[in-house]
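> Please take these sequences and the hints and turn them into a complete structure.
At position 49 of the sequence shown (counting the first as 1) the number is 49 in our numbering, and the numbers step up by one without a gap.
Calculated directly from the structure, the hints in this document are not laboratory data.
Any given hint could be a false lead.
Restraint-style ranges between C-beta atoms, simulated for each label pair [what the hints assert, rightly or not]: (1) ASP197 <-> ASP125: 14 to 22 Å; (2) GLU137 <-> GLU78: 16 to 24 Å; (3) SER42 <-> LYS207: 54 to 62 Å; (4) GLU185 <-> SER165: 18 to 26 Å; (5) SER196 <-> GLU65: 27 to 35 Å; (6) ASP125 <-> LEU206: 16 to 24 Å; (7) GLU195 <-> SER42: 40 to 48 Å.
Keeping only pairs whose Cα atoms sit at most 27 Å apart, straight-line, the calculated DSSO-like set for lysine-lysine is [stated by the list, open to error]: (8) LYS133 <-> LYS79; (9) LYS69 <-> LYS129; (10) LYS192 <-> LYS203; (11) LYS133 <-> LYS192; (12) LYS172 <-> LYS79; (13) LYS172 <-> LYS69; (14) LYS129 <-> LYS192; (15) LYS84 <-> LYS48; (16) LYS129 <-> LYS79; (17) LYS192 <-> LYS134; (18) LYS192 <-> LYS207; (19) LYS129 <-> LYS203; (20) LYS205 <-> LYS133; (21) LYS193 <-> LYS203; (22) LYS133 <-> LYS207; (23) LYS69 <-> LYS79; (24) LYS79 <-> LYS134; (25) LYS203 <-> LYS133; (26) LYS205 <-> LYS129; (27) LYS103 <-> LYS48; (28) LYS166 <-> LYS84; (29) LYS203 <-> LYS134; (30) LYS69 <-> LYS133; (31) LYS193 <-> LYS134.
Computed from a prediction, not measured in an experiment: that's the story for all the values here.
The C-beta atom is built at its ideal place from N, Cα and C for all residues, glycine as well.
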Amino acid sequence: MKRLLKVPIIVFSFLLFSCGQSTLTSDIESRFNDEYHKVPPSAPWAVKIDNRYTLTRAQVDREREFLIKWLSDPVEREKNLSDKGLAALYLDNILNQTLIIHKAIEDGTFKSPEFDMFIWVSIRDAIVKYYLKKQLEEHNSESLWAPVANAEIEEVYKKNVEIYSKMGLSRKQALAEIRTSLSNERNALAMKKLESDLVNELKLKLKIEFSK
Numbered sequence: 001m002k003r004l005l006k007v008p009i010i011v012f013s014f015l016l017f018s019c020g021q022s023t024l025t026s027d028i029e030s031r032f033n034d035e036y037h038k039v040p041p042s043a044p045w046a047v048k049i050d051n052r053y054t055l056t057r058a059q060v061d062r063e064r065e066f067l068i069k070w071l072s073d074p075v076e077r078e079k080n081l082s083d084k085g086l087a088a089l090y091l092d093n094i095l096n097q098t099l100i101i102h103k104a105i106e107d108g109t110f111k112s113p114e115f116d117m118f119i120w121v122s123i124r125d126a127i128v129k130y131y132l133k134k135q136l137e138e139h140n141s142e143s144l145w146a147p148v149a150n151a152e153i154e155e156v157y158k159k160n161v162e163i164y165s166k167m168g169l170s171r172k173q174a175l176a177e178i179r180t181s182l183s184n185e186r187n188a189l190a191m192k193k194l195e196s197d198l199v200n201e202l203k204l205k206l207k208i209e210f211s212k
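Take a look at the structure:
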């Protein structure tokens, strides 16, 4: 589950920049200052940066809990939420991101039409993924995180036992990784099927024209 910490840019963009293309640059700097600079002195903090920016414990926990619930198999969620090692890794990850964002703001990297376009494309992709998953959760939840049979997990483990051994994973860790991987694959297939079905339905309902 440590792969959870490799947050895709689409998720990061969606969480950070819920705005229109024309206001991206100003919103980024404003959001950064609101989240990391305008913090009440009494707020419990996780990390302070140069005594100017603060990552509050509540902020870090809120984002970590959201990502765990969003990205992990329900079977693993409670364990991941209480995993202190995973919490430490996420704190390190968000600290690293914050340092780079701070540097990017100082360098003026965000102040370009190219950046606006990059983020807007990322947000658009995130909206699609968010909508599709919410639709599956509400109307076809059995296709999300479908249970993986222990026999199937064991079969994958036996075929790749040497690889897991070289990776330094115990049998228990390897089985957990396999379960998560297979569950994610099924989740992705369910999302892809819904996307295809929905697009085909909308193409029949809506008038779509292409310029010649």
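> So, for every hint listed, does it hold in this structure?
Right, here's what the structure says about each hint:
no., hint, in the structure
1, ASP197 <-> ASP125: 14 to 22 Å, "holds, 19 Å"
2, GLU137 <-> GLU78: 16 to 24 Å, "holds, 18 Å"
3, SER42 <-> LYS207: 54 to 62 Å, "holds, 57 Å"
4, GLU185 <-> SER165: 18 to 26 Å, "holds, 23 Å"
5, SER196 <-> GLU65: 27 to 35 Å, "holds, 32 Å"
6, ASP125 <-> LEU206: 16 to 24 Å, "holds, 21 Å"
7, GLU195 <-> SER42: 40 to 48 Å, "holds, 46 Å"
8, LYS133 <-> LYS79, "holds, 22 Å"
9, LYS69 <-> LYS129, "holds, 15 Å"
10, LYS192 <-> LYS203, "holds, 16 Å"
11, LYS133 <-> LYS192, "holds, 10 Å"
12, LYS172 <-> LYS79, "holds, 14 Å"
13, LYS172 <-> LYS69, "holds, 22 Å"
14, LYS129 <-> LYS192, "holds, 10 Å"
15, LYS84 <-> LYS48, "holds, 20 Å"
16, LYS129 <-> LYS79, "holds, 25 Å"
17, LYS192 <-> LYS134, "holds, 13 Å"
18, LYS192 <-> LYS207, "holds, 23 Å"
19, LYS129 <-> LYS203, "holds, 19 Å"
20, LYS205 <-> LYS133, "holds, 22 Å"
21, LYS193 <-> LYS203, "holds, 15 Å"
22, LYS133 <-> LYS207, "holds, 26 Å"
23, LYS69 <-> LYS79, "holds, 11 Å"
24, LYS79 <-> LYS134, "holds, 23 Å"
25, LYS203 <-> LYS133, "holds, 20 Å"
26, LYS205 <-> LYS129, "holds, 22 Å"
27, LYS103 <-> LYS48, "holds, 16 Å"
28, LYS166 <-> LYS84, "holds, 25 Å"
29, LYS203 <-> LYS134, "holds, 21 Å"
30, LYS69 <-> LYS133, "holds, 12 Å"
31, LYS193 <-> LYS134, "holds, 14 Å"
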